[in-house]
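Residue numbers (my numbering), protein chains in the order written: chain A, 6 to 324; chain B, 6 to 324; chain C, 6 to 324; chain D, 6 to 324; chain E, 6 to 324; chain F, 6 to 324.
Hint data in this document are derived by calculation from the structure and do not stem from the laboratory. Worth double-checking, as some hints may not be accurate.
One copy or any two copies: either way a pair holds, since identical chains are not told apart in the list.
Below, in silico cross-link-like pairs of lysine to any residue (SDA-like), each with a Cα-Cα straight-line distance of 20 Å or less [said to hold, decoys possible]:
| # | residue 1 | residue 2 |
| --- | --- | --- |
| 1 | Lys116 | Asp71 |
| 2 | Lys122 | Leu237 |
| 3 | Lys91 | Val23 |
| 4 | Lys297 | Tyr185 |
| 5 | Lys157 | Asp21 |
| 6 | Lys317 | Glu99 |
| 7 | Lys297 | Val55 |
| 8 | Lys28 | Asp298 |
| 9 | Lys28 | Thr85 |
| 10 | Lys297 | Gln51 |
| 11 | Lys238 | Asn38 |
| 12 | Lys157 | Arg309 |
| 13 | Lys91 | Lys238 |
| 14 | Lys238 | Val111 |
6 protein chains.
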Amino acid sequence: MTKCFVAELVAGSTIDEVFLLAKRNLAHKKDGNPFLTVTLADRSGQVNGVVWDQVERIAAVAAEGDFVHVRAQVGEYRGTLQLVVKDMARVPEEQVDAADFLAATVRDVGKMFERLKELTGRMQNPHLKALFDLFWADEAFVAAYTRAPAAKLMHHAYIGGLLEHTLSMAVLAEMIAGHYSGVDRDLLLAGVILHDVGKIRELEYTRRIDYTDEGRLLSHIVIGLSMLDEKLKQVPGFPQVQAHLLKHMIISHHGAREFGSPEPPKTIEAILLNYIDEMDSRVNSVREYVAKDTSEGSWTPYHRLLERHFYKGPAESDN
Amino acid sequence: MTKCFVAELVAGSTIDEVFLLAKRNLAHKKDGNPFLTVTLADRSGQVNGVVWDQVERIAAVAAEGDFVHVRAQVGEYRGTLQLVVKDMARVPEEQVDAADFLAATVRDVGKMFERLKELTGRMQNPHLKALFDLFWADEAFVAAYTRAPAAKLMHHAYIGGLLEHTLSMAVLAEMIAGHYSGVDRDLLLAGVILHDVGKIRELEYTRRIDYTDEGRLLSHIVIGLSMLDEKLKQVPGFPQVQAHLLKHMIISHHGAREFGSPEPPKTIEAILLNYIDEMDSRVNSVREYVAKDTSEGSWTPYHRLLERHFYKGPAESDN
Amino acid sequence: MTKCFVAELVAGSTIDEVFLLAKRNLAHKKDGNPFLTVTLADRSGQVNGVVWDQVERIAAVAAEGDFVHVRAQVGEYRGTLQLVVKDMARVPEEQVDAADFLAATVRDVGKMFERLKELTGRMQNPHLKALFDLFWADEAFVAAYTRAPAAKLMHHAYIGGLLEHTLSMAVLAEMIAGHYSGVDRDLLLAGVILHDVGKIRELEYTRRIDYTDEGRLLSHIVIGLSMLDEKLKQVPGFPQVQAHLLKHMIISHHGAREFGSPEPPKTIEAILLNYIDEMDSRVNSVREYVAKDTSEGSWTPYHRLLERHFYKGPAESDN
Amino acid sequence: MTKCFVAELVAGSTIDEVFLLAKRNLAHKKDGNPFLTVTLADRSGQVNGVVWDQVERIAAVAAEGDFVHVRAQVGEYRGTLQLVVKDMARVPEEQVDAADFLAATVRDVGKMFERLKELTGRMQNPHLKALFDLFWADEAFVAAYTRAPAAKLMHHAYIGGLLEHTLSMAVLAEMIAGHYSGVDRDLLLAGVILHDVGKIRELEYTRRIDYTDEGRLLSHIVIGLSMLDEKLKQVPGFPQVQAHLLKHMIISHHGAREFGSPEPPKTIEAILLNYIDEMDSRVNSVREYVAKDTSEGSWTPYHRLLERHFYKGPAESDN
Amino acid sequence: MTKCFVAELVAGSTIDEVFLLAKRNLAHKKDGNPFLTVTLADRSGQVNGVVWDQVERIAAVAAEGDFVHVRAQVGEYRGTLQLVVKDMARVPEEQVDAADFLAATVRDVGKMFERLKELTGRMQNPHLKALFDLFWADEAFVAAYTRAPAAKLMHHAYIGGLLEHTLSMAVLAEMIAGHYSGVDRDLLLAGVILHDVGKIRELEYTRRIDYTDEGRLLSHIVIGLSMLDEKLKQVPGFPQVQAHLLKHMIISHHGAREFGSPEPPKTIEAILLNYIDEMDSRVNSVREYVAKDTSEGSWTPYHRLLERHFYKGPAESDN
Amino acid sequence: MTKCFVAELVAGSTIDEVFLLAKRNLAHKKDGNPFLTVTLADRSGQVNGVVWDQVERIAAVAAEGDFVHVRAQVGEYRGTLQLVVKDMARVPEEQVDAADFLAATVRDVGKMFERLKELTGRMQNPHLKALFDLFWADEAFVAAYTRAPAAKLMHHAYIGGLLEHTLSMAVLAEMIAGHYSGVDRDLLLAGVILHDVGKIRELEYTRRIDYTDEGRLLSHIVIGLSMLDEKLKQVPGFPQVQAHLLKHMIISHHGAREFGSPEPPKTIEAILLNYIDEMDSRVNSVREYVAKDTSEGSWTPYHRLLERHFYKGPAESDN
């Protein structure tokens, strides 16, 4: 039986399903009797619920962050869906399909990673090739690299998003390196593949996507640099100039100090990496924003960060 | 006999060559005798000269902006080349090869334009195709479009630079439109080809590249919009929505209000146009800046506008 | 019988009145029974309402955007007025007085327009005079020009606001052109009258004031330029230099690129236009903000856009 | 009997206590019956309450801003505490301990002020010494100076906060003046002690902390300058150069024009004052923000003004 | 005999004239012999000179800042005028017409001041009227007020410039106060007349225009406030609210903190003052910039502060 | 015999001294004869010279960057000192006292370093103590750490400047950590001592102070992080949380992203480090700027970066 996701709930139905218990709060009614409000979540969104009966018993079964099996009636409260929860029970993590709770790329992760390895396999520069042989041989790294999201909110914010974003950029980098003469294709490609590796530790992405302590204290640029530093020491004879140029690509990929890069791009390859990253992130971000918008009319709601409405296409009446 | 360009002058030699008389100034020595200082230019640069003898006669032969035939000795004054001019005579414009006085693209203009026409010829959208048929049939437009520079100083600042920049962007646009699903390839391509057409009237580029009055008062974005407006009215049945979207690409192609776009990009095609334009301009601009730098060491001088030094490659001693 | 406006509703009364059905939403109570929440609006504001009985029947009578005849009890819900709607019926647009639903200038539109025509009638410059003869002879243009608001929210945001704002500026322009020597009075006046004509198409203002697709994609500066371009072509012998200067006034009237002007003002007339526009908009905007504020004390609430409180005068206890 | 503060209320209990009646609103239920909602406050926070019975009588006993004696049941409404008020009576201000209603420094005001006087007593500069003798002899000034808060919200926002902030800065100034050679210790100290005196009139701090009309119209920098000006005229023979330098410290202490200083710091003493002020304000502000945060985990919520989360220490599970 | 100004010097002539000795420097030639370079100035500009003979004697006659009688030959050195000074003698200040050395308004100072007094004489508000009676009765103040420039460089940078600028603004204020209903004409006028009084002490303007120490340390906004403060104390019964509002106009007249105003304008009168000041300053500044430009063509050189070229009118060939 | 420094040269004297040959250029006179211009430097400044005789021989003796023994006559050319060089010979580096060519701290480096070691020796935290034991035992590190300047231009731009700046900050940190409760003194001190270690590799400081390739590509923040990373791996059992907090101090010490910090300070210790660094750098920078200014009057010339004049004290005539 397929899972009924939060986004699919219909007022008037009853459900019998597993969710993440995101928040809970025990309160009291005017008559002094307790009631429990809960927030239940899965990868499709979250919904509030309330427990009116057997409140103390149900409140004790699970803590915030646990998975819970919920039986409830789906109602509405002032125009918003609300569950009236009849019963709730804790479910061990190993019985839960994590994929139900974190959105994931719709692409084939294995194939994407193979494609990326193929690109590094064709590198002419023996030092860079050796560097990637080391990275790809590090199983813990590969496991995290192919699972991490590319961001918490802004773009590719789902399991596998880092790989999807990186591969899309790598394909663009190949085209663009072929378009302009004098571009060091291997250096550009290496920069693309490594620019966001720090996201692996900047973010946690087991039950939900959020920043780690290390991420908030150091940023993915600085973490990624340490990760690269460590691997570089293991490649015998890696030329120092090349090491500086590769590190420069990572630390400059946000394009300007005000966006978190300690130095702006100072080589053609670093300049290209910055534009390819911005273009791919922006395209993904805007397409997701438009795709998620269910409002009528030709325009999305105002996008606070990008400070504009986006055009979704002519309204029906305009055709 | 090939022309001896300003950039090729050698101290100690004598020259007998045609230049543009960019500036001249009549002054007097302490002993009361007059002397004439001149600035002579061609596409490779400019050099100062001085006339010590027959000053009045020589001063009368030509005005600023004229072409002049110059006989002179090449000397140095405190480490800079300086011509000691023996004689000077005005040369009619029709006897001069304009190509010597304005730098031009090194690419084949005819082939570049054929390539561009081929791209518009493959458009699926009949309205856009019809629009470009109109543009390409307008001989005065094509003459200017294939001759204009893309800027006064910043990038592709030479005859044919607009076409070179546009074609480079068009090729990138084809690749990128193929890379992302859901992109309107014809609309993107149309935006690319028309985004800078206003440069044709924003700049003058007969003897030197400079802004026109119209250019300074209106900007190429606004001029280009008028040019498109005029042609759109001649395409029967051009859909209004499409006209708005195409105009939007032109007016938003600088990416943000602070860079002169009255509106920021609000469609995927406009977003892509902005990134492709920035990337192609920046790559050309930095490569020209590095190419022109003759200083020793690994770094260019500080670039005031981009606020950084650029890396030119390891110094010899580093290898 | 005069209409009872939203702003005049009193808790405890019953009403029997026509409103615009701005929003509606069908929801369900905990017991599974449906209820309908609605937002009703007229030019004075909006109020929420709820339908508890005969919900399905009433929900079917009208769609968002329709005018509806409403019978209701006026109550309060946690300190805010709320209608308990007994019945609702759709009203055809032609039976409704549009003036009840869009705020309008309190000035006499006819007289304001006569005053403006008188000002253009006294122009000395035959070309500019001819241009305005054309504009005033265009009935569709005049109908829109005398009806359009000057903005969606910020200032003169009501029917006739564009004309009111323009006339106020024109009177100031007359004074100021007389105050400074060397100002081209006719050019300044022409710029004032045309600076915001693009608002006619940037905004829609039939049932509510909002942006059009064209407005969001192109901005009123660009639209106004096209409108002027079209008329200029119909004036025989309009001097090109003058055309550029007039267009320059329109595109530079926001004063700086970051505010949407592709070029900053480069003539005295364009500089004056920018200041007159800013001053008149700001004065109107602040006066409306102060006038609408019903709070006690000497200060308005914090104005988020202008980032300050405004002083309303000494509190009573201070006198 | 000690007061029960808002922050100590427990759901399920009954209270019999004095609060400030911050807001009140008379509304009507669907059945037409009135009810009264109130906001009650003391220095620890505020809580909402509702009166269901004897509404008219209770509504008449007090106005906003009065102190009221309240008998109520502490309940919860959707997870937030809410009082069900049984009865309420006005309490004359003189029967109330003001300290219960405005948070105050936890330090000993008398000792802090003695410490400050000791510092000015050790000044070598006779003019500055004479100036402070005047200030300390002005009883109304001293009363306000030792009672005023240092800000409405940001830092040291409690009774005595100005003195606490000033003394902390004065101690730092002593250390730093001893650390760097060539610093005029007396001038620096004088600047520190006077930099925020304008707060005395910029803010009101009798029942709550808020801006005065004078404060909003003139700012504490300008008010403080007038206060200093007045006292300076009473010190015979105060050297004009010194007066300018001391005034300069007051007007430049925000460090830059964009933060409200008409001139930036142009002497070493003014530079030091700016850093000492920023450091002491920031440390206090962040420590208060962290101390007030009751959320779990290693991080505070996002701080909108300072645009970051602050680290509170490792989560328990990290240890 | 009329003075020969620096701007009127012609190469090849001899002069016998009084200048300000702005700079001088004693140097040595390769042969060890001394020579003296000098900079000579009057209100029309400055010119360099050199003394080859009797160097020691001539060097001793005057110090920088003295007026000197100069006999010299006007020559050119690399295209710039240069005096070969034959002799030089110090001239006592009282024998010099100061008007030759500081540019001054071309308007009649007496008439301008009468016009201003007439405006304050018509004030309805007795307190403001009394305030100006005090100001106008202060002879030292009036002497400085009618002599001060309005700025060092930017606009009205000449003797009498403050009065000229203030009167121009006052006339505009009258018009504008009549145009908008609800504007306090007397308050606006008072703000206009007093907004820049601090310039009297911010600048020195005896032999040249420069900042005073007080000016650099405190700014004219702060100085002007002190001047007003002092006078306000002498007006019996001046209402405190009115004093705050008037002071507010002075401190907010730059419109925003980043331009040196501790608070932004918060009343209609303060808003109007800011616009009138900006408009009058900008118009004067641009007109002076255009008037001083002697280059050919339609455009001024690039204005670094205002970041644009200004249009001077069509080039002759365009007509 | 003590060296005669550039700053001590007197016109009319002859010299016989060693300088750094900073630049040289071979040019030709009008008569075709060659001459050589040179720039000679030591730690006190630089001076231009010219060789008129035996030009070819002298030009061949040394390259730019060599030390040269120079015999010359000190003359002046248009008011600036200029050497007429009679002879020049290359001097091997080992015969030169480097201290003559790079400015150095006036403090005792050995004592400063002992003081710093004493501070780390008193650390309570065993992990941080162990970390510094490792750093201090690394002789190459200590040699560089005690020799490096703190900047190229801005502050402490001399040999030993990094140590001087760091020690000054460490002493301040001790005071401030004692002043505020709850500050981790050892963590703050560790951050202070390590915040700029990357300068050791960001700059080169053998013959002159300039950026290295690594410095321009990576910045001292990123380099310092790598250096710390390497040492941290060698401290057994260094707690990960502490490592993150210490790294955070290094990367956030510029206070904001726009100044090159990938993250802003998020702990009290990081906030304090940022203020202590800014204060110490600014004080040193302004004091050096004032000390170097030899102009008359009360004010330094305009400081372009800090955008103001600094006050040097009253002019003599004011006393």
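Now for the hints, and whether the structure bears them out:
1. With identical chains, the CA atoms of Lys116 and Asp71 are never at most 20 Å apart, being 33 Å at best within one copy and 53 Å at best between copies.
2. Taking the closest pair of Cα atoms, Lys122 and Leu237 come within 20 Å of each other only inside a single copy of the chain (18 Å); across copies the shortest separation is 33 Å, beyond that limit.
3. Taking the closest pair of Cα atoms, Lys91 and Val23 come within 20 Å of each other only inside a single copy of the chain (14 Å); across copies the shortest separation is 42 Å, beyond that limit.
4. In this assembly of identical chains, Lys297 and Tyr185 lie within 20 Å of each other by CA distance solely across copies; the values are 18 Å between and 37 Å within a copy.
5. Taking the shortest alpha-carbon separations for Lys157 and Asp21, neither the intra-copy value of 30 Å nor the inter-copy value of 48 Å comes in at or below 20 Å.
6. For a Cα distance limit of 20 Å, the shortest separation of Lys317 from Glu99 qualifies neither inside one copy, at 41 Å, nor across copies, at 32 Å.
7. In this assembly of identical chains, Lys297 and Val55 lie within 20 Å of each other by CA distance neither inside one copy nor across copies; the values are 27 Å within and 29 Å between.
8. Taking the shortest Cα distances, Lys28 and Asp298 sit within 20 Å of each other only across copies (18 Å), while inside one copy they are farther apart (25 Å).
9. For the homomeric pair Lys28 and Thr85, the shortest alpha-carbon distances inside one copy (18 Å) and between copies (15 Å) are both at most 20 Å.
10. Proximity of Lys297 to Gln51 under the C-alpha cut-off of 20 Å is restricted to the intra-copy arrangement: shortest distance 15 Å within a copy versus 28 Å between copies.
11. In the homo-oligomer, the alpha carbons of Lys238 and Asn38 never lie at most 20 Å apart, since the shortest distance is 65 Å inside one protomer and 57 Å across protomers.
12. Taking the shortest Cα distances, Lys157 and Arg309 sit within 20 Å of each other both inside one copy (16 Å) and across copies (18 Å).
13. In this assembly of identical chains, the alpha carbons of Lys91 and Lys238 never lie at most 20 Å apart, being 59 Å within a copy and 54 Å across copies at closest.
14. Proximity of Lys238 to Val111 under the C-alpha cut-off of 20 Å is found in neither arrangement, the shortest distances being 36 Å within a copy and 40 Å between copies.
The structure shown violates the earlier hints numbered 1, 5, 6, 7, 11, 13 and 14.
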